[in-house]
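A.B. asks: Based on the provided sequences and hints, a complete structural model is requested.
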Amino acid sequence: MAKKDKNKQQPEDTPVRDAVFHPEFREDLVFWIETDRKTALRAFKLIEAIMREPFTGIGKPELLKYLDSGAWSRRLTQEHRIVYLVSDDRIDFLQARYHY
Numbered sequence: 121m122a123k124k125d126k127n128k129q130q131p132e133d134t135p136v137r138d139a140v141f142h143p144e145f146r147e148d149l150v151f152w153i154e155t156d157r158k159t160a161l162r163a164f165k166l167i168e169a170i171m172r173e174p175f176t177g178i179g180k181p182e183l184l185k186y187l188d189s190g191a192w193s194r195r196l197t198q199e200h201r202i203v204y205l206v207s208d209d210r211i212d213f214l215q216a217r218y219h220y
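For the sequence shown, the working numbering puts the final residue at 220, and the numbers step up evenly by one.
No lab work stands behind these hints, which were simulated from the structure alone. In this text the structure is predicted, and so the values were computed from the model without any measurement. Hints may contain errors.
[Unchecked claim] Restraint-style ranges between C-beta atoms, simulated for each label pair:
#, residue 1, residue 2, range
1, Tyr186, Ser207, 12 to 20 Å
2, Glu154, Gly190, 27 to 35 Å
3, Leu187, Ala139, 12 to 20 Å
4, Val140, Tyr218, 17 to 25 Å
Using N, Cα and C, we set each Cβ at its ideal position, and we do this for glycine too.
C.D. replies: See the structure below:
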């Protein structure tokens, strides 16, 4: 059985996108860092996953029907979601609290 390469690089066709953290998103991260360290750590884990694969992976990615075109969410907790917009060259992180 072949070993998995832990240092596997992204395929050439995977676009590299910039991360843009909106003020509300940054405020939400500060809130989680100050009040619930476990949720803050999960938020950072989700950010990393979103940057690698914005449409699949952990947190049950969901295309949002009623917000901007290209808006997605992922579960941060049972109650709270990370909401983000995906474009060709960047990912805009909009919020990390509440349910859209």
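A.B. asks: All hints are to be evaluated individually against the structure, with a verdict given for each.
C.D. replies: Here's how the hints hold up against the structure:
Between Tyr186 and Ser207, the C-beta spacing of about 19 Å keeps the proposed range 12 to 20 Å intact. A C-beta distance of roughly 31 Å is found between Glu154 and Gly190, which places it inside the suggested range of 27 to 35 Å. One distance hint, 12 to 20 Å for the beta-carbon pair Leu187 and Ala139, holds here, with the actual separation near 19 Å. For Val140 and Tyr218, the Cβ-Cβ distance of about 20 Å falls inside the hinted range of 17 to 25 Å, so the restraint holds.
Checked against the numbered hints given earlier, this structure breaks none of them.
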